[in-house]
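Enquirer: All chains should be modelled from the sequences, with the hints used to inform the complete structure.
Note that the protein sequences, when read in sequence, are chains A and B. Under our numbering, the first sequence has 58 at position 58, and the numbering climbs by one with no breaks. Under our numbering, the second sequence has 100 at position 100, and the numbering climbs by one with no breaks.
No lab work stands behind these hints, which were simulated from the structure alone. For glycine and all other residues, C-beta sits at the position ideal for the given N, C-alpha and C. Any given hint could be a false lead.
[What the hints assert, rightly or not] Calculated cross-link-like contacts (lysine-lysine; reagent style DSS-like; alpha-carbon spacing at most 27 Å):
1) B:Lys112 with A:Lys44
2) B:Lys42 with A:Lys78
3) A:Lys54 with A:Lys78
4) A:Lys15 with A:Lys51
5) A:Lys44 with B:Lys68
[What the hints assert, rightly or not] Covered stretches of chain A, going by a simulated chain B footprint (3 or more residues, C-beta under 8 Å):
6) 14-22
7) 34-47
8) 55-65
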Amino acid sequence: EAGVTQFPSHSVIEKGQTVTLRCDPISGHDNLYWYRRVMGKEIKFLLHFVKESKQDESGMPNNRFLAERTGGTYSTLKVQPAELEDSGVYFCASSQLETQYFGPGTRLLVL
Amino acid sequence: GESVGLHLPTLSVQEGDNSIINCAYSNSASDYFIWYKQESGKGPQFIIDIRSNMDKRQGQRVTVLLNKTVKHLSLQIAATQPGDSAVYFCAENQYNAGNMLTFGGGTRLMVKP
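Expert: Here you go:
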């Protein structure tokens, strides 16, 4: 069974540009989560989808971040416009019950 | 790497010895706890979990202990191997109040051959 996959693995962009991250959860998992770790900080929750619905987006830092999960399968996280402080590693996780399985992450560097 | 700037406590052990990694959690209402292992360039990998109605759970070479009185969680690894070298994170969850995981800062385990 394939695990959680994320694309791209790395992204280097300039401040002000737009970046879209993609996450494909484990097949059949209704729950999909986004987390991130910015430099020097702990892994922090961003938001949680149940199927295509946003269940909890309390961790989204501001309105420059937009997450979607059309059709309840894969999810995208768009950052527009990107700022320097958005640099870090963005993780996606999925679960059917409480155990969350993580993808390898997307390493984002904003210059 | 992605840990630059994040000053992690480090535990260094000899191959074959037992390792104990500790974690203090903050939310007394948390009812589910997980240990993750993260190797360089990879995402957190599930190791073992425990619910708040238990105080000990064993897996293959790993044991998790939960002390709710002092809000403390530990991960014991028996006969530590070089492949166990990684950063270990504890995470807590209040399952029926939302599924978000709250992570600890992590501990780097280094296994000396």
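Enquirer: Does each hint fit the structure? Answer for all of them.
Expert: We went through each hint and held it up to the structure:
| no. | hint | verdict |
| --- | --- | --- |
| 1 | B:Lys112 with A:Lys44 | 31 Å, violated |
| 2 | B:Lys42 with A:Lys78 | 22 Å, holds |
| 3 | A:Lys54 with A:Lys78 | 15 Å, holds |
| 4 | A:Lys15 with A:Lys51 | 32 Å, violated |
| 5 | A:Lys44 with B:Lys68 | 23 Å, holds |
| 6 | 14-22 | violated (count 0) |
| 7 | 34-47 | holds (count 9) |
| 8 | 55-65 | holds (count 4) |
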